[in-house]
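Novice: Hey, can you work out the whole structure from these sequences and the hints?
Number of protein chains: 4
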Amino acid sequence: MGESDRVKVGIIGASGYGGVQLVRLLIDHPQVELVYIGGDSSAGKAYADLYPHLGHRVEMTVEKINLDVVGDRCDVVFLGLPNGLACEMVPTLIEKGCKVLDLSADYRFENLDTYTNWYKKERRDRDLAATAVYGLPELYRDSIREANLIGCPGCYCTASLLSVAPLLKQGLIVPETVVIDGKSGTSGGGRQAKTNLLLAEADSSLTAYGVAGHRHTPEIEQVCSDLAGHDVMVQFTPHLIPMVRGILATSYATLRDPGLVRDDLLTIYNAFYRSSPFVNVLPNGVYPQTKWAVGTNLCYIGVEVDVRTDRVIVMSAIDNLIKGQSGQAVQCLNILMGWEETLGLPQLAFYP
Amino acid sequence: MGESDRVKVGIIGASGYGGVQLVRLLIDHPQVELVYIGGDSSAGKAYADLYPHLGHRVEMTVEKINLDVVGDRCDVVFLGLPNGLACEMVPTLIEKGCKVLDLSADYRFENLDTYTNWYKKERRDRDLAATAVYGLPELYRDSIREANLIGCPGCYCTASLLSVAPLLKQGLIVPETVVIDGKSGTSGGGRQAKTNLLLAEADSSLTAYGVAGHRHTPEIEQVCSDLAGHDVMVQFTPHLIPMVRGILATSYATLRDPGLVRDDLLTIYNAFYRSSPFVNVLPNGVYPQTKWAVGTNLCYIGVEVDVRTDRVIVMSAIDNLIKGQSGQAVQCLNILMGWEETLGLPQLAFYP
Amino acid sequence: MGESDRVKVGIIGASGYGGVQLVRLLIDHPQVELVYIGGDSSAGKAYADLYPHLGHRVEMTVEKINLDVVGDRCDVVFLGLPNGLACEMVPTLIEKGCKVLDLSADYRFENLDTYTNWYKKERRDRDLAATAVYGLPELYRDSIREANLIGCPGCYCTASLLSVAPLLKQGLIVPETVVIDGKSGTSGGGRQAKTNLLLAEADSSLTAYGVAGHRHTPEIEQVCSDLAGHDVMVQFTPHLIPMVRGILATSYATLRDPGLVRDDLLTIYNAFYRSSPFVNVLPNGVYPQTKWAVGTNLCYIGVEVDVRTDRVIVMSAIDNLIKGQSGQAVQCLNILMGWEETLGLPQLAFYP
Amino acid sequence: MGESDRVKVGIIGASGYGGVQLVRLLIDHPQVELVYIGGDSSAGKAYADLYPHLGHRVEMTVEKINLDVVGDRCDVVFLGLPNGLACEMVPTLIEKGCKVLDLSADYRFENLDTYTNWYKKERRDRDLAATAVYGLPELYRDSIREANLIGCPGCYCTASLLSVAPLLKQGLIVPETVVIDGKSGTSGGGRQAKTNLLLAEADSSLTAYGVAGHRHTPEIEQVCSDLAGHDVMVQFTPHLIPMVRGILATSYATLRDPGLVRDDLLTIYNAFYRSSPFVNVLPNGVYPQTKWAVGTNLCYIGVEVDVRTDRVIVMSAIDNLIKGQSGQAVQCLNILMGWEETLGLPQLAFYP
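So the sequences go chain by chain: L, V, U and G.
Under my numbering, the first sequence has 268 at position 268, and the numbering climbs by one with no breaks.
Under my numbering, the second sequence has 236 at position 236, and the numbering climbs by one with no breaks.
Under my numbering, the third sequence has 101 at position 101, and the numbering climbs by one with no breaks.
Under my numbering, the fourth sequence has 100 at position 100, and the numbering climbs by one with no breaks.
Fair warning: there could be bad hints in the mix.
Identical copies look the same in the list; a pair holds intra-copy or inter-copy alike.
Pairs of lysine to aspartate or glutamate residues, derived as DMTMM-like cross-links and limited to a Cα-Cα distance of at most 25 Å, are as follows [as the list claims (entries may be wrong)]:
(1) K120 / E341
(2) K194 / D49
(3) K120 / E63
(4) K120 / D306
(5) K45 / D263
(6) K194 / D40
(7) K120 / D68
(8) K169 / E110
It is worth saying that the hints were derived from the structure and are not from the lab.
Specialist: Set out below in structure tokens:
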């Protein structure tokens, strides 16, 4: 395919970790051409000043954000901005005919009151927001195919939802017993200089945070409720792990039918994810390590049943910055453009 | 106190990480004199060959294990051996008048059939084992004071039990809803050269193991049942964290009385641990970091209530090799000798 | 290119970290077909038992090493064996018409007495060894193109030599002043369960080893001497860094001409590596981070001059398992087959 | 000793990592009473808000800096401030009769022009500065004993100087050949939220910085010149290591007398440090690991000679925040008060 036939894509907000993954993925994607990088605090800087290791490949400069310019130049726009900013820009971009993939929380909620309640931001784009599709391909592939506006879920939600979706969809568990113990590398906190994310503080240590009140809880519950067919509340606790990348979600739930054994569940999981090239259900007795997924768009899932307690325990591992962020957005792009779902996405880790 | 008045102590099995902590603690303990280090594979070696950083302080040689010699020379013996070996030696040591603190699983079980079932070892010392006390001072301080033989609990059990003991003792939770998500640094696996514990494998990664079948489950359940007054089953899942030391237990349970709030529980925890100098219940909204406990015998506990789900979430952090192993044994020694409980034990971390 | 036109390649010794990188690279290489994996201790095992994360892509079984089978089935053979084993197998493989890329030290030495002196192995394949080419493409590209047998250099040598080659080749430094302070992640020690490579030992710590007597010294000196045109001795000290992958070589040398400034040297380095797609000489004042190279076949080089001391300091960063091992071998393969040098090799890291 | 007989000490600037070590050391020191903690940005906060793990032991509040109050209340003052601030406060404190231990660079330089040149700060306290003593007890113990004002050296200088002092003092090396390759954990960068010190950036990676121009160079050279008896220039290169604490200095130099062997040098080092309780010269063939020193005031030194190149290589390891900062200041305090030099200082690590 000639360079001129490629789809023109732009990124608004590319200075963070999600942004640099997107840049990295898009410059090697065979069907797109990265034509715009826009930002606020880093406008005017060479992108290689932010990420010197890319200097020999990326010669672009971060431009001031001008939506008219973006709309004219790009067919597709990715937004990697803090929560509450995308919803001010997306109406203009959509109006100008762009397809939009937003990596923030702005377009993930069906009920905008829930959004406003957790994110303290009033919304003026309710009609548009109602058209947004939740960008988790394994659950909403068909809707993504038809969408113009996609709210891509983040790392904790992706790992959590992929771990329990088959159970809820098939009605195999008691929904109110779901406990999700999430564990994330510190890159999930972004490229912001926060004291608690310093290596000196976060290395060789471990802590929970946002206990009983993390913002991802309502988002996880929205999709769980959709899968279960009725309102579901879950217990979600995130932890900060002394490593750069990777998320593990350990999910616990009580089985409705105590007769179900591990092999039954593996069969169900394999069937559920049969058409999902990035979900890898592990064989009997193998549990995922996060490092297997690092640098890829894969999700590894291990399933165990405790016959003593009638609980199922599901572990799912992803790279928080790829399948949990930028790779997922590219996967959504592939689907909505009608391309091969795996196009331009890394499918195998270097280990160790 | 003169050197000659000190209590003579020995260590059998001092080549591992638990052993070297014991050596380190005992050579600085003001009431004891370390007179014997015995081992099998390292017999005949200078202890400083195993741990060169101690060379300027420890000039002892590892001696072949000869129980007669140990019994003659020592008033108190610590055993830091793999499971299943202590029970072959302890009868002789007790007979020779030694007090014994065992760091393995051999003397932790009230029901030796449970032990044999999980550890695949038949026992011939049932009468003696029946006299052993579970060496968790915060729960069994009075019995420890009178004991000759103490089975000291390990790291996961200590962190887990201290997190839920007040809840079970006071009947505040539904016992069968207890889920304990344990997270440990890799030193818990000991100084054995296993591939999965190599830095190259375990660093920058995260995994669960022993899901639904870890040996510590029956031990945790034994004490939980004792506290609750009836048989209790819990869900316990250990995880390997990419750090050297430290354990965090995140424990979930459903409250019997949904009217209980965080302040109520903090009051209850503070009262429960009022006489326990090594348990530090954190104020409202503060959650423990494992690093706060590293290098000390402390246990930091944070308590949270989710009023939406009626669950309590308790986080407890310890140093797996001190409060979770060697320091706990020294704490037991202090109690059974009638000394200050904190004697010779580090009480404050260097941070970060 | 059809599957049937692909070059048939095999790997002997694929259970280690170098081996699994090779497997990972070769199954995605567009011009080769991996048809054989052979090993000794793991013969008969599914390769996915060794590396479960590859289970969905690699269904091969490790076969017993039978050189007749290998020779019949493979056009090209990679050897990833401990030092001293390749030289027993290569004569047969060459005789059977295979091209051979050896990752051990066996075919890196021009003077086999030096090899025998350091590796304690007598050699019976002197004629064949004399035909071997040193597989560092940036220095020996033309010879590699014509070779049948390539001794690929390892991680320390690659990082060290690329850092000082332009200086020695151009006669810019006093050779006997070269001090190379090498720093490597622990995966360089291989997938062997050694106590000192446990996470519990090696994490949060740092040490030198092999000081004044490391085996890579004579290998570095051989190439330095070749570049300088006369015998050169260098000071090389390796250090173990608490990370999985990556090597940094910090090289010091006294300039012959104290008038040379940084810009001069950058010009010289850029010219020297003009045709080397995997060497990236960084701009003025930018020093390499090892993480920039991790997961790629790149070498990043930073150059500094101290005008006070008349020394040049060069820092070079590579991924020890790719450019320092498996990727280098694939790069050599590409060259000797007449393919694009970068074919099938990762060229850009995911950061952070 | 009664609480009332204790020496009253204060800390100005206790919010950083050096400060919290000082607080930790001083509250357990048997001869002092910590009566004042002063700060600027954190004035008015409970100290336990900055470091919650100390909450059960430290109930002090950070006070606004008022030198009159400090002078009235304290016999001894430690200053843990950014460079350039101490020199504005110390004249007043000295005038009020306090003994002062400064942890910044302000009082480390004999030649204040050198200070001003590197730190961009004009000085108005030249007479006072001329009375300051360089607080490295192993080299200046006698002067410290008589001092009122001590400029305590930091981590890189301490590790570097202890590694080469015996060589320079005895004239064993060619001074201009000294190359010091320094490697530090990231806590050396302080508790400041800088992007490059985030775990996400600094973990699993390695880089040099300040090459050919680091501020510690002139400080190291000042003491080296003092030891050698003439002006000496050294090559010093710091590196950022992915760990929290610890520094290793690897020092290279050419021996004047190529006949010297390792045993000779070990004898010389042992003699040189005979009266230094915190320096531990390791036996033949043992090289220091930084972790051996972590949490202690120790310096471990290993010495090697390369008979091929006539170079000596010395490795020294310290805890950058204790022997490299706060512990060193307490060691100086002990000396100037006439107490046992080791009082209140940790002397043995917990390993691993």
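Novice: Next, verify each hint and record whether it holds.
Specialist: Now the hints, each set against the structure:
no., hint, in the structure
1, K120 / E341, "neither (35 Å within a copy, 50 Å between copies)"
2, K194 / D49, "both (21 Å within a copy, 16 Å between copies)"
3, K120 / E63, "neither (29 Å within a copy, 35 Å between copies)"
4, K120 / D306, "between (41 Å within a copy, 21 Å between copies)"
5, K45 / D263, "between (55 Å within a copy, 23 Å between copies)"
6, K194 / D40, "both (20 Å within a copy, 19 Å between copies)"
7, K120 / D68, "neither (28 Å within a copy, 47 Å between copies)"
8, K169 / E110, "within (19 Å within a copy, 44 Å between copies)"
The structure does not agree with the numbered hints 1, 3 and 7 stated previously, though it agrees with the rest.
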